[in-house]
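Take these sequences, add in the hints, and give me the full structure.
One line per chain: the protein sequences are A and B, in this order. So for the first sequence, our numbering puts the first residue at 1; every next one is plus one. So for the second sequence, our numbering puts the first residue at 1; every next one is plus one.
One thing to keep in mind: the hints can contain errors.
Claimed, not checked - No farther apart than 20 Å at their CA atoms in a straight line, the calculated lysine to any residue pairs in the SDA-like style are these:
no.: 1; chain 1: A; residue 1: 214; chain 2: B; residue 2: 55
no.: 2; chain 1: B; residue 1: 55; chain 2: B; residue 2: 68
no.: 3; chain 1: A; residue 1: 214; chain 2: B; residue 2: 173
no.: 4; chain 1: A; residue 1: 227; chain 2: A; residue 2: 189
no.: 5; chain 1: A; residue 1: 214; chain 2: B; residue 2: 199
no.: 6; chain 1: A; residue 1: 214; chain 2: B; residue 2: 68
no.: 7; chain 1: B; residue 1: 173; chain 2: B; residue 2: 199
no.: 8; chain 1: A; residue 1: 214; chain 2: B; residue 2: 196
no.: 9; chain 1: A; residue 1: 214; chain 2: B; residue 2: 131
To be verified - Far from chain B, by Cβ distances over 10 Å, these chain A residues were calculated:
no.: 10; residue: 31
no.: 11; residue: 80
no.: 12; residue: 154
no.: 13; residue: 209
Stated by the list, open to error - Facing chain B, according to a computed beta carbon distance under 10 Å, are these residues of chain A, among others:
no.: 14; residue: 40
no.: 15; residue: 53
no.: 16; residue: 124
no.: 17; residue: 168
Note that these hints are calculated values from the structure, not bench results. The C-beta atom is built at its ideal place from N, Cα and C for all residues, glycine as well.
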Amino acid sequence: MVRSTIKNPFDAREAATPVSPGELLSDLSQAGTNAPASLICEVELTRFDAEQRPVLLPLLWQFILDHRNSNVLDELVAVGSAIRKYIALMPMDQMGQLAVLLEPGYRSASPIELEIEIAKMIYRNFEIHPPLNPDPHPELAQRLWEMVQAYTNPRVLLRDKYSAAASLAIQAIIAMRSQLAEQAWQTIAACPYRWFAELVSDSIERLREAWSQKSPDGVAWLTALQKHAPAHV
Amino acid sequence: MFEFAGFHVPSFRIDTPSVSLNVFDVIGQDGEQPGFISHTGLAENEGSQETQQIKILDMGPPLHGPSYTTTINASALGRAELSDDETRKIRIFIDQHASEHHAFQQLNERQVLRLASEMYCIYPHAAPLLEHDGRYTRIRFSCSGFVFEAYRSAGINLLNPDALPLIDMAVIKMAYPLEARLMESARVTPDSLGLRGIGPWPVLLCGYLLHALNRSATSIRDRAYTPITKDQRFTAEDAGA
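Take a look at the structure:
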């Protein structure tokens, strides 16, 4: 696995040459699905305008589909980068499309690192744009629920990164105001680990804060959900 | 000063070739001036380690998470005697954020220089990198902000970020010498790092964290520390005070 040789990024002497978003988009179009990881990562950090975003999104989506099962670390880092950018830019009403990335049984299991990125970004999107109506993407919520069921098993939850994935999946289900939210919330009650319940409960408090000025309906719904609070929260 | 009930060790200067660590101890490194803490991170492993090469998780930049750890020549150490639950919450916080920053390991120097302010911020200590409509792909941290937020995720509010001393550009240059060079060469603007106007700014400095931890384990959890200007430094006189 090749890693960057940068020892201290701020020590470089050479002047940085600006590259415009248009040039980056052109480079990505030409490279297609063989785009180098560094290009994808640079794209993630660049802001694109309203005309460029519709061109960028299908390129990122294809890159994600083509490389999500890679076992090369650098490629997975780039896929994570593409996932974050894609989800942060995609139209909110098309988020159901993401369910395909969480389907079990596709060629090989999705790396846990990518599942974390997907669940996290779903949560963040709905944190910023609360759903106008409850349960906007039931199939996506179902895929997240499958993650919750698999990863909150006490034998799994303590393993590296699974608790991060499980907590983010619960947060995402709740942020979508899914019909599965109450079940997800009750899962915490059944979990033998107090820290996990506290972790999710704290994150829901932050969601309430984020929604407080944007979505009175959403806040009322969260309050009702929290009335079913797990005993140890 | 030892708190025997919990065997709590307050923050201390490290003046030995090796030091015994707990996971996620807060490690501080002096800048050019001895005692002025200019970098901080979290100890990755427990056990005895060489002081000059302690493995840490830190906001370099880029953020060095698990499997991308870096080493630090440690000058000081702060310890909260974390419980297993607190340790786990900090680990989850790192797992949730580290991959956002792994991407930077893919960039070459030219790209990193150009995109420095997309990775890192000085003020506030943590800030999302926003897209056009307010959505975000990552949280940027300062090095002290990363440590502060990691502990906060475990329910430990080390200090009050809304009551920080104001510091001017001269102190910024001591605390962030590399970023200062980038600003001087106009490669990044102070604005892009969060330093708007002519200052001074209430920036969260690394030394404050060591002072916050230089209290009893109970105080650390019960009451957020309010730093004062001289807490920029953490000297032998401060240790155990």
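Do the hints match the structure? See the list:
no.	hint	in the structure
1	A:214 / B:55	violated (43 Å)
2	B:55 / B:68	holds (10 Å)
3	A:214 / B:173	violated (39 Å)
4	A:227 / A:189	holds (12 Å)
5	A:214 / B:199	violated (32 Å)
6	A:214 / B:68	violated (38 Å)
7	B:173 / B:199	holds (13 Å)
8	A:214 / B:196	violated (28 Å)
9	A:214 / B:131	holds (18 Å)
10	31	holds (14 Å)
11	80	violated (5 Å)
12	154	holds (13 Å)
13	209	holds (14 Å)
14	40	holds (8 Å)
15	53	holds (8 Å)
16	124	holds (6 Å)
17	168	holds (7 Å)
Hints 1, 3, 5, 6, 8 and 11 from the list above are not met by this structure, while the remaining hints are.
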